[in-house]
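Chains as they are written, first to last, in my numbering: chain A, 1 to 283; chain B, 1 to 438.
Don't take each hint at face value.
Derived CB-CB ranges, DEER-like [stated by the list, open to error]:
hint, chain 1, residue 1, chain 2, residue 2, range
1, B, SER254, A, LEU258, 47 to 55 Å
2, B, ASN297, A, ALA256, 37 to 45 Å
3, A, ASP165, B, GLU400, 50 to 58 Å
Lysine-lysine pairs mimicking DSS-like chemistry, simulated, CA-CA at most 25 Å apart [stated by the list, open to error]:
hint, chain 1, residue 1, chain 2, residue 2
4, B, LYS303, A, LYS119
5, A, LYS67, B, LYS437
6, B, LYS232, B, LYS219
7, B, LYS16, B, LYS219
8, A, LYS119, B, LYS113
9, A, LYS119, B, LYS357
10, B, LYS43, B, LYS17
11, A, LYS196, A, LYS208
Just a sample of chain A residues kept apart from chain B, beta carbon distances all over 12 Å, derived [stated by the list, open to error]:
hint, residue
12, ALA11
13, GLY14
14, SER27
15, PRO125
16, ASP183
17, GLU207
18, GLU257
Calculated directly from the structure, the hints in this document are not laboratory data.
Where a beta carbon is used, it is the ideal one built from N, C-alpha and C, also for glycine.
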Amino acid sequence: MSEIMMQTIAAVIGITALGTTFGVILSIAKKKLHVPKDPRVEAIDVVLPGANCGACGYPGCAAYADKIVHEGADIALCPVGGGESAAQIGAIMGLSASQMEKKIARVHCQGGLFHTKNKFNYEGPHSCRAANQIRGGFRVCSYGCLGLGDCASICPFNAISMGEDRLPHIDPDLCTGCGKCVDACPRFIISLLSVKQQVYVKCKNMEKGPVMKQGCTAGCIGCKLCVVKACKNVFADNPDIDTAITVDNFLAHVNAELCINCGECSSVCPQDVISFPVEVSDE
Amino acid sequence: MFRPSFKGGIHPPENKKQTEQRSVENLSIPHRCFVPVQQHIGKPAVPVVEVGDYVQVGQLIAKADGFVSANIHASIPGKITSIDKHPTPFSPAGLVIQIETHGNFTHEKAPSKKQWSDLTPKELLDKVFDSGIAGMGGASFPTHVKLSPPANAKIDMLIVNAAECEPYLTVDDALIKRSYQDIIEGIMVTRTILGIKKVIIGLEDNKKSSYLTIKNYLKQINEKDIKVALLKTKYPQGAEKQLIYSLSRRVVPSGALPLDIGVVVQNVGTCFAIQQAVCYDTPLYERLVTVSGSLINNPGNYKVRIGTPISDIIKECGGLKAEPHKIILGGPMCGQSVENLDIPVVKGTSGVLFLTKKECSASRYTNCIRCGRCVQACPINLLPFEIAAHVEIAMPQNTENLSPLDCIQCGACSYTCPSQRPVSHFIKVAQDYIRSKR
């Protein structure tokens with residue numbers, strides 16, 4: 001045999017021996033160092049929508065799936081998947097899915113550019129949080145929207161657009177109720193309400209009517225017409241419920257648990273500050 | 001010549017010429033005063049008078065609520081006309097006690113000077129508390145809190161801040177020229193309260209005459225434990241931590257207080273107020289204010305009653321030449337611009353500035369060019385441009401590792417930025433965000 005042949009055979013035998021040795025070591029290591037992986041994590045990850053929006057409070061869908069299985073995170077935290085994914089996760093985990101209503105962000109201010117007055121010219125960064133630090137914001141009203149769009153820029157689903165009136169407009173079809181805008185707003189004028197809750201007050205101003213009107217023409221004046229003329233009449237036959245609307249600090253509040261979304265209050269409001277219900281679609 | 005200093009900082013135009021040489025003038029007593037119940041850091045004071053009551057100068061009208069709070073006294077004699085919401089330097093609608101001068105003036109007699117050497121530190125501290133003194137340099141931290149360090153803190157040095165690094169302001173300088181003897185006495189009271197000997201007074205080297213005045217006086221009274229030092233003229237030399245470093249080479253660790261490294265810092269104005277409280281039983285109801293900026297007809301250093309609205313100051317100082325672009329309470333770097341002429345002067349107001357648009361040099365900011373000037377200027381070694389970048393894209397949560405909470409809001413980064421970016425404002429947003437999450 002030539003020398004070349006000998007060398008080739010030696011190489012083949014050498015490589016084969018090495019491969020076999022490492023193969024044996026690896027297969028032993030696999031047995032010895034085996035980490036049991038829960039198949040449920042993978043199953044839940046498939047069920048989750050994969051938007052990785054972080055609205056559940058965890059960094060991405062895979063992390064959330066992991067936390068559900070290993071740390072017992074609530075299975076109804078995903079607003080994007082909603083009740084459907086919660087039910088599927090419940091089936092995987094053997095838990096009953098808690099009731100999860102689809103929620104949607106609502107803006108509690110209607111005093112945009114055309115209704116409000118400014119105290120001074122603001123020249124700082126184009127951000128509501130920054131503007132709110134300078135003498136309580138540049139608007140005379142210290143409760144309402146500043147209109148610089150922190151909510152719109154943080155929305156991961158492009159559901160919020162700043163209108164010409166410098167107010168945020170929320171697209172109910174795109175909004176998943178993740179609540180990022182609620183945290184981003186320095187004035188706390190956005191809240192998450194059930195999709196079915198159509199009646200809410202579009203104002204947060206807690207000043208007396210005349211004081212409020214110095215800065216805004218579109219706010220709640222606390223006249224109580226919604227309570228006296230509408231809501232009390234609606235519940236007149238019901239001995240258990242007096243009214244679903246209360247007026248504290250010159251501001252009306254709608255109690256979502258009692259409200260039947262009839263819209264009577266909206267029709268009597270002189271400031272037109274209570275939202276008018278529209279037909280709730282089945283979706 | 002070597003002058004002690006710190007790393008970083010900026011050299012803005014001083015603009016002190018217009019008021020430097022002016023001696024202190026008394027502003028006439030306003031016919032109405034808006035005295036806010038919150039003029040200090042901490043809890044607002046609680047009003048102890050009612051609408052319709054008649055008060056005398058120096059009468060207690062609002063009582064400190066708790067330890068970190070300060071008493072408030074009437075600054076003019078008269079009638080309480082309302083206790084209601086009103087814009088103040090601290091908030092757009094804070095509780096304000098409105099006093100209108102009423103009836104005959106009983107002449108305010110200067111009470112004879114009292115000896116304090118036989119009083120115990122506790123009694124002296126009580127006098128400081130009763131007089132409602134809060135830091136007069138601008139931050140308005142209640143002085144009695146600073147002067148009662150916890151038992152385990154080993155204080156060995158008192159630093160008196162007369163650096164006055166803010167452009168335009170000359171109050172501290174004017175005060176030293178006018179009443180240096182009283183200030184030294186106030187310093188002695190302060191160190192008796194703290195139970196220490198060593199004192200350093202720090203001034204920037206653009207106030208040499210004041211430095212010599214103090215130095216000669218100290219030699220004259222043969223006081224060896226009080227030293228006076230000239231510092232490099234550089235902003236923010238008068239910021240607490242920078243001043244401590246310049247004068248003692250001690251570094252206040254992140255998140256710690258000066259008393260953790262054995263130092264207490266007081267403003268000269270505060271020392272003067274302490275002396276007035278201890279020697280004359282005079283509570284803090286008036287202070288020196290620099291009225292300046294190129295739009296006021298008679299700039300100067302004025303003695304102003306606390307609660308005097310800005311509109312009265314304008315009238316007394318000969319009116320304005322044109323409508324100002326900004327009115328700033330305090331210095332142009334750290335002060336705040338105000339929107340309402342009814343806003344009163346409070347305990348921490350060291351200046352009222354009427355500035356033109358050119359002086360404010362406000363224009364739209366552009367993108368960061370990563371030149372690093374803000375990093376060079378930052379006196380506490382932050383990366384201002386990076387914090388600002390995170391905040392600008394609405395991700396302040398990413399800034400936590402960049403320690404924006406250590407920022408002293410001196411504004412050196414914004415001043416030095418070639419793109420005119422409001423860097424310190426961005427950092428303030430990050431601070432606000434991180435505090436709100438804690």
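Can you give the numbers of the hints that this structure goes against, from lowest to highest?
2, 3, 4, 7, 8, 10, 11, 15, 16 and 17
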